[in-house]
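Fit chain B to the known structure of chain A by using the hints.
These are the residues of each chain, in order.
Protein chains: 2
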Amino acid sequence: MLLSELETPAVTIRLDRLENNIARAQAQLDKVGMANRPHVKTHKIPAVAKLQMAAGAVGLTCQKLGEAEVFINAGAADDILITFNIVGEAKREHLMALSRRIGRLAVVLDNETVARGLSETARRHDSDVRFLIECDTGMGRNGVQTPEEAFGLAQLAMNLPRMRFEGLMTFPNAFPRTAEFFERTLRLFRDAGIPVPVVSGGGSPAINTVDRFPMMTEHRAGTYVYNDVMQVASGAANWDDCAMHIRLTVVSRPTPDRAILDAGSKVLTSDQYFVKDYGRVVEYPEAHIVALSEEHATVDLSLANGRPEVGEIVNVIPNHCCVVSNMVDEVYGVRDGAVETVWPVAARGKVR
Amino acid sequence: MLLSELETPAVTIRLDRLENNIARAQAQLDKVGMANRPHVKTHKIPAVAKLQMAAGAVGLTCQKLGEAEVFINAGAADDILITFNIVGEAKREHLMALSRRIGRLAVVLDNETVARGLSETARRHDSDVRFLIECDTGMGRNGVQTPEEAFGLAQLAMNLPRMRFEGLMTFPNAFPRTAEFFERTLRLFRDAGIPVPVVSGGGSPAINTVDRFPMMTEHRAGTYVYNDVMQVASGAANWDDCAMHIRLTVVSRPTPDRAILDAGSKVLTSDQYFVKDYGRVVEYPEAHIVALSEEHATVDLSLANGRPEVGEIVNVIPNHCCVVSNMVDEVYGVRDGAVETVWPVAARGKVR
Numbered sequence: 000m001l002l003s004e005l006e007t008p009a010v011t012i013r014l015d016r017l018e019n020n021i022a023r024a025q026a027q028l029d030k031v032g033m034a035n036r037p038h039v040k041t042h043k044i045p046a047v048a049k050l051q052m053a054a055g056a057v058g059l060t061c062q063k064l065g066e067a068e069v070f071i072n073a074g075a076a077d078d079i080l081i082t083f084n085i086v087g088e089a090k091r092e093h094l095m096a097l098s099r100r101i102g103r104l105a106v107v108l109d110n111e112t113v114a115r116g117l118s119e120t121a122r123r124h125d126s127d128v129r130f131l132i133e134c135d136t137g138m139g140r141n142g143v144q145t146p147e148e149a150f151g152l153a154q155l156a157m158n159l160p161r162m163r164f165e166g167l168m169t170f171p172n173a174f175p176r177t178a179e180f181f182e183r184t185l186r187l188f189r190d191a192g193i194p195v196p197v198v199s200g201g202g203s204p205a206i207n208t209v210d211r212f213p214m215m216t217e218h219r220a221g222t223y224v225y226n227d228v229m230q231v232a233s234g235a236a237n238w239d240d241c242a243m244h245i246r247l248t249v250v251s252r253p254t255p256d257r258a259i260l261d262a263g264s265k266v267l268t269s270d271q272y273f274v275k276d277y278g279r280v281v282e283y284p285e286a287h288i289v290a291l292s293e294e295h296a297t298v299d300l301s302l303a304n305g306r307p308e309v310g311e312i313v314n315v316i317p318n319h320c321c322v323v324s325n326m327v328d329e330v331y332g333v334r335d336g337a338v339e340t341v342w343p344v345a346a347r348g349k350v351r
Numbered sequence: 000m001l002l003s004e005l006e007t008p009a010v011t012i013r014l015d016r017l018e019n020n021i022a023r024a025q026a027q028l029d030k031v032g033m034a035n036r037p038h039v040k041t042h043k044i045p046a047v048a049k050l051q052m053a054a055g056a057v058g059l060t061c062q063k064l065g066e067a068e069v070f071i072n073a074g075a076a077d078d079i080l081i082t083f084n085i086v087g088e089a090k091r092e093h094l095m096a097l098s099r100r101i102g103r104l105a106v107v108l109d110n111e112t113v114a115r116g117l118s119e120t121a122r123r124h125d126s127d128v129r130f131l132i133e134c135d136t137g138m139g140r141n142g143v144q145t146p147e148e149a150f151g152l153a154q155l156a157m158n159l160p161r162m163r164f165e166g167l168m169t170f171p172n173a174f175p176r177t178a179e180f181f182e183r184t185l186r187l188f189r190d191a192g193i194p195v196p197v198v199s200g201g202g203s204p205a206i207n208t209v210d211r212f213p214m215m216t217e218h219r220a221g222t223y224v225y226n227d228v229m230q231v232a233s234g235a236a237n238w239d240d241c242a243m244h245i246r247l248t249v250v251s252r253p254t255p256d257r258a259i260l261d262a263g264s265k266v267l268t269s270d271q272y273f274v275k276d277y278g279r280v281v282e283y284p285e286a287h288i289v290a291l292s293e294e295h296a297t298v299d300l301s302l303a304n305g306r307p308e309v310g311e312i313v314n315v316i317p318n319h320c321c322v323v324s325n326m327v328d329e330v331y332g333v334r335d336g337a338v339e340t341v342w343p344v345a346a347r348g349k350v351r
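Chains as they are written, first to last, in numbering that gives the first Met the number 0: chain A, 0 to 351; chain B, 0 to 351.
Here chain A stands alone, though its shape is the one from the complex (with noise of 0.2 Å):
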């Protein structure tokens, strides 16, 4: 099928740039002797996985288990990180049934509620979880506050029956807080004579400065596989790295200054982040999306250096790419203007 005719919305990936966006981060990471470990939830697709894998990736990080699930399904990979505490009985044995699929499945803790509970459910399957402890560094979300407590609870973990301490996670990466942090724990788990077979950092933009995390074995990143607007405003990216457009029709001009496209924050969604607009317009960079509705993009054209007409297609790159592949049930691989393969996202939805 022809570009041209893909009905819209739709959401393209240009495969030359995923292509180059996959092997650029792969290159960075060989660089410096870094394991890369890809987050599959900027593209929820086994096929873009196995791109990942070929390229040099050692395994993938996922967030849910439901996700983890679609990924081991589809024989993605065979050592799988789920970033995310599990947290009740039925989590617990879909856990355990997963992990007996592959190689290495490990997860993350942060708290003596979470590792208890791991520690009941894999004795009574006469099972070990393999598991890292999740640093807060700079972020404000989930992990441990400090070093000590790092280590504190990493040794109140590992005493529990059928738990093996991998060791440290992070996200994301920040300078020079996350060494810092990093640093002063292992000096206790050294002193300890405790080994730390795993440091594992994350972030896109901190794929540029891995260097800086000399500690660090692996690295974790989702959204350069795509890149969007945000990773082009924290000068992570170029507009030219952005593999995902959305092929948008304007079905409205109401003004002279306004045009109204196809799809709105059900596809677009309305994150923001730091970023003014809700995405960029890739014919007419200086059009402003303004405002989303649930199925339609406000424009204003003010401006812009054209105007374009009603039925006229664009392509809008979002202002985050992960958030996006979650609202459709597949994405169009494109290539010379024709649509090359058509993906469906198998792991979109899965939040368990």
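Please note that the accuracy of each hint is not assured.
If you want a taste of the chain B side facing chain A, the calculated C-beta under 7 Å gives, among others [claimed, not checked]:
1. Val86
2. Asn110
3. Val250
4. Ser251
5. Val322
6. Asn325
Cβ-Cβ distance ranges computed for the label pairs, FRET-style [stated by the list, open to error]:
7. Gly55(A) / Asp15(B): 53 to 63 Å
8. Asp239(B) / Asp256(A): 37 to 47 Å
9. Arg306(A) / Gly55(B): 43 to 53 Å
10. Asp15(B) / Ser126(A): 39 to 49 Å
Please keep in mind that the hints were generated in silico from the structure rather than gathered at the bench.
The beta-carbon is built from N, C-alpha and C at its ideal position, and this holds for glycine as well.
Okay, now just chain B, sitting in the frame of chain A:
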């Protein structure tokens, strides 16, 4: 299944509240003799539409053709209005195919390009297109800008082959601007001797003020069926009217004043509008959901009347229920502590 057995995250619908919301809106519109044409975008579930129809709705509103198709397939209504400009040959063909399947399928339009396209396709199919003129009566989105433009476009379109003018449409009702716009527009049609059978207004908060718009013949509202933080903040609903509760688990308590819940923007969405937080925690109303990641909600407990433990279940009323429906494959209808029904969100992701 008991509600207490339902895995998190889960989008639950309190059926008593849903039924009350449907009955109350119908009674309010019945009282002023205005037809009720609920918008399915909020729930995207044929079974809920059937409850709305059984309560007295005359038909349904859909935003996209794909959405309408789901409700037609389910036999939910014989009369559907699609409140979106239909652009492009493929979509026009889709419209023709759908319109043959029910008694009345109408669309809106706000420009000549859309009118001419519809007419050409309709002529080829030897079939009529029923249309309303979309008017921008203050929202600044789609719609003709003046009464004169509405009259002019209606005349142009109704003189095209196979185009059947049925009336005027706007969103949302705003007082007094919408009333003034429609009074002036209707005068133009009256003076020309052209009947305007349908005048269609919309908006959930506007259900409470339909008596201010005596020229309206029907009302389209979506959010009222579930309600949400925005509806409460706008004074259109109380907390006890909020039927959608997102069932979540506390997975981390990294500090005395911070809790992390097991869903983020991939369930709650980042919609904020004029609201400060990212949802209301029912059990801890003084807590504040201050940040969302994709799979985490960060809760500030500093003002809360209690401190939930890891593993505790909480319910969150979302800021905007319509976008939450679009995130999940199914919702759970609950009553008296039991899961009474599981509804697939059949039109989820139908953005074309």
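Pairwise beta carbon distance, Gly55(A) to Asp15(B), judged against the given window 53 to 63 Å: holds (56 Å)
Agreement of hint Ser251(B) with chain A interface, Cβ distance less than 7 Å: Holds. Min distance 5 Å.
Hint check: 7 Å Cβ-Cβ cutoff, Asn325(B) to chain A: It holds, given that the least Cβ distance between Asn325(B) and chain A is near 5 Å, below 7 Å.
Distance restraint hint 37 to 47 Å, applied to the beta-carbon atoms of Asp239(B) and Asp256(A): holds (44 Å)
Hinted contact Asn110(B) with chain A - closest CB pair below 7 Å: holds (5 Å)
Interface hint for Val86(B), Cβ within 7 Å of any Cβ on chain A: Constraint on Val86(B) satisfied, holds at 5 Å.
Hint check, Val322(B) versus chain A [nearest Cβ-Cβ separation less than 7 Å]: At 6 Å from the nearest chain A Cβ, Val322(B) passes the 7 Å test, so the hint holds.
Cβ separation of Arg306(A) and Gly55(B), checked against the hinted range 43 to 53 Å: holds (45 Å)
Closest C-beta approach of Val250(B) to chain A relative to 7 Å, hint status: holds (4 Å)
39 to 49 Å as the expected CB spacing between Ser126(A) and Asp15(B), which holds or is violated: For Ser126(A) against Asp15(B), whose Cβ atoms are near 44 Å apart, the range 39 to 49 Å holds.
Comparing the model with each earlier hint shows no violations; every hint is respected.
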